[in-house]
Amino acid sequence: MAEDNLARQAGNSSGAAMPPTTGRKHMIPVWFFVGILLLVYGILIFITGLREWPHPPATVLSNLHPTFWWSFILIILGAVFTFLNFPGRKR
Amino acid sequence: MLVADTLLPGPAAMLLSATSRVITLQPVDLTIIIIYFFAVLGIGFYLKKYARTGEDFFVAGREMTAWVAGLAFISANLGSLELMGWAGNAYQYGILAAHWYWVGAIPAMLFLAIVMMPFYYISKTHSVPGYLELRYGHATSGLSAVTFAFMTILMSGVNMFAMAVVMKTILGWNFTFSLWVSTFTVGIYVALGGLYSAIFNEVVQFFLIWLGALLIPILGLVETGGWSGMVARIKQNFPGQNFTHMWGPMLHPSQNPMGVSWIAIVFGLGAVLSMGYWTTDFLVVQRVITAKDIRSAKSAPVIGAFFKMAVPFIVILPGLLGLAVLPFHLFPDNVVAANPALHSYDQVLPLMMARYLGPGLLGLGITALIAGFMSGMAGNISAFATVWTYDIYRPFIKKQASDRHYVNMGRWCTIIGLFISIGAAYIVNHFGSLMNYVQALFSFFIAPLFGTVIIGMLWKRATKAAGFWGLLAGISTAVGIFVTISEHPSSVKWFCFYTGAQQLAQQMWQALWAFVAVAVVSVIVTLATRPRPDAELRGLVMGLTDIPSEGDLPVLKRPFFWAVICFVIFLILQWIFR
Chain A
1 MAEDNLARQA
11 GNSSGAAMPP
21 TTGRKHMIPV
31 WFFVGILLLV
41 YGILIFITGL
51 REWPHPPATV
61 LSNLHPTFWW
71 SFILIILGAV
81 FTFLNFPGRK
91 R
Chain B
1 MLVADTLLPG
11 PAAMLLSATS
21 RVITLQPVDL
31 TIIIIYFFAV
41 LGIGFYLKKY
51 ARTGEDFFVA
61 GREMTAWVAG
71 LAFISANLGS
81 LELMGWAGNA
91 YQYGILAAHW
101 YWVGAIPAML
111 FLAIVMMPFY
121 YISKTHSVPG
131 YLELRYGHAT
141 SGLSAVTFAF
151 MTILMSGVNM
161 FAMAVVMKTI
171 LGWNFTFSLW
181 VSTFTVGIYV
191 ALGGLYSAIF
201 NEVVQFFLIW
211 LGALLIPILG
221 LVETGGWSGM
231 VARIKQNFPG
241 QNFTHMWGPM
251 LHPSQNPMGV
261 SWIAIVFGLG
271 AVLSMGYWTT
281 DFLVVQRVIT
291 AKDIRSAKSA
301 PVIGAFFKMA
311 VPFIVILPGL
321 LGLAVLPFHL
331 FPDNVVAANP
341 ALHSYDQVLP
351 LMMARYLGPG
361 LLGLGITALI
371 AGFMSGMAGN
381 ISAFATVWTY
391 DIYRPFIKKQ
401 ASDRHYVNMG
411 RWCTIIGLFI
421 SIGAAYIVNH
431 FGSLMNYVQA
441 LFSFFIAPLF
451 GTVIIGMLWK
461 RATKAAGFWG
471 LLAGISTAVG
481 IFVTISEHPS
491 SVKWFCFYTG
501 AQQLAQQMWQ
511 ALWAFVAVAV
521 VSVIVTLATR
531 PRPDAELRGL
541 VMGLTDIPSE
551 GDLPVLKRPF
561 FWAVICFVIF
571 LILQWIFR
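Protein sequences, first through last, are from chains A and B.
Per our numbering, the very first residue in the first sequence carries number 1; after that it's consecutive.
Per our numbering, the very first residue in the second sequence carries number 1; after that it's consecutive.
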């Protein structure tokens, strides 16, 4: 398992590699933390964008609803990072 | 000048003209900021169990992949003062400020990757002073370590002070509250997880910085109708001034507001100052030392270079857009101090945030600034902990102790270092003029250190005495030039060849002269002293070191290939914005 982990991470890998000697093969990759945070932020900003759709804030270009659309970027990125690096998921 | 008046809705205009604060946050913004603080602390607590040995705590087990090390490398440099300060410089000097991101970074980062990284990696050093210890011995390493530790902790304090002032100015937050909350958060997560924690959080911060700041240039370009529309508006707002060309106004210092020529940019900034920062400042080098193998160690700075090349999009472009769309002028700090109703250059980024970002996005943007601040502070404090423990405490104070003892020392000096930084922040708060001096002090050591390290890596004849005296001569030269210009401003023409040279131009020439001093003294002392046997220098010097093969890799996986691609893109950018 640990050797597999090392071999996997030797290429274009993500997360911290875990040498077998350290016994840290279960360390959650940093990309998982990134994904969760972006996902949570995306959902919060999506709800905000949805609520303010009828009455956009008094900012320049608010008629384009940047809050709403930007939340999709965050949600998609967050979901991809979270899914691909979910603890215990075999890749 | 007031071309954008009609584009700014009334409430936003009122917000921007408020003197007490630039931005007002809504509950969703505060929620986003609070979640961020809990997230970074959570990562620190999670990683505590993995930071048991010295290798774990100080060099993150040397098991980071190229992407993790590369993003942490660039994130440690992306402090919020950097973001706000350079956006302000872009407003003040135009696209000339991008020199600090391109010629002032890319060649140096690629040089680190291809030429210097193998030596750091093969010598298995834990720090830059650690390399000097192996190459030149105790004296040079000690001088480098003490100056670095001292300056890092002072710089950390200055950054804390500046950030707390920024939070007070743009958000109306209490100075002490901002200072202590941010500092304690960084202190806890670095003390718990060591460099693991710092690096993990830097990767998280990297994404927040980009996703929090990226929308500003996008919306700005939409508003102005693209690059050409922005340039047209700037010309309309500031007739007769050239803000959008990088090399054209560089033929003579009198042609640009910075008072700098291409010679100083190429040789002072590109060949010395940036080389010094990106290849020997342990704050950034520490991140790539953690790479798990030689290919990752070489790839990490290349990955960082690609992103560094893109940073002007979120830093320089907002400054330029400020010139195009803001309905009022921004002014230097001293003018704003006399008239608080005005806004300073450094406020251009928050002003642009207030212009485009509504609730939610504004919270994300402010979180990006806080993340930048914390990544910079964590970088300072983790580098300080390593250099203090391994390069000062272990060789000079307690040579024989258990690994656990040194890890505990690292944890304690993280906390103590932060308290010293807080003390420095309060001192600067009471004696404001100290800030410029402390920032200048840091620049004294960059160029001489680079000269000493690169001579040691490339010239096997260089002796121990040459390392020490060369470094000392370089530092003395830099200090001497700074003091002379400060006391006798007219002397600037002797060092910079132009009486109108501004502070940034002076720094470039100061670095160049310091490097020359290191080179001259190192050569003279080397020729007068006995060289070390080759056997002692294996693994430390070019020509005596077998660089491990990266294996039989396809071209697309070779760091050198990507370094070439990166350099070609860098040259194309210079041509486009010439």
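The reader is advised that the hints may include incorrect statements.
[Said to hold, decoys possible] Here are the in silico distance ranges between beta carbons for each label pair:
(1) Q241/B / I76/A: 51 to 61 Å
(2) I76/A / P332/B: 38 to 48 Å
(3) I76/A / S490/B: 34 to 44 Å
(4) H26/A / E550/B: 25 to 35 Å
[Unchecked claim] Listing some non-contacts, in silico: residues in chain A with all C-beta distances to chain B over 12 Å:
(5) W31
(6) R51
(7) F86
(8) G88
Hint data in this document are derived by calculation from the structure and do not stem from the laboratory.
Glycine is no exception: its CB is placed at the ideal position from the N, C-alpha and C atoms.
Going down the list of hints, with the structure as the test:
1. Q241/B / I76/A: 51 to 61 Å: Since the Cβ atoms of Q241/B and I76/A sit about 42 Å apart, the hinted range of 51 to 61 Å is violated.
2. I76/A / P332/B: 38 to 48 Å: holds (42 Å)
3. I76/A / S490/B: 34 to 44 Å: violated (59 Å)
4. H26/A / E550/B: 25 to 35 Å: holds (29 Å)
5. W31: violated (8 Å)
6. R51: Since the minimum Cβ distance to chain B is about 9 Å, R51/A lies within 12 Å and the statement is violated.
7. F86: holds (15 Å)
8. G88: Non-interface label on G88/A holds, nearest chain B Cβ at 15 Å vs cutoff 12 Å.
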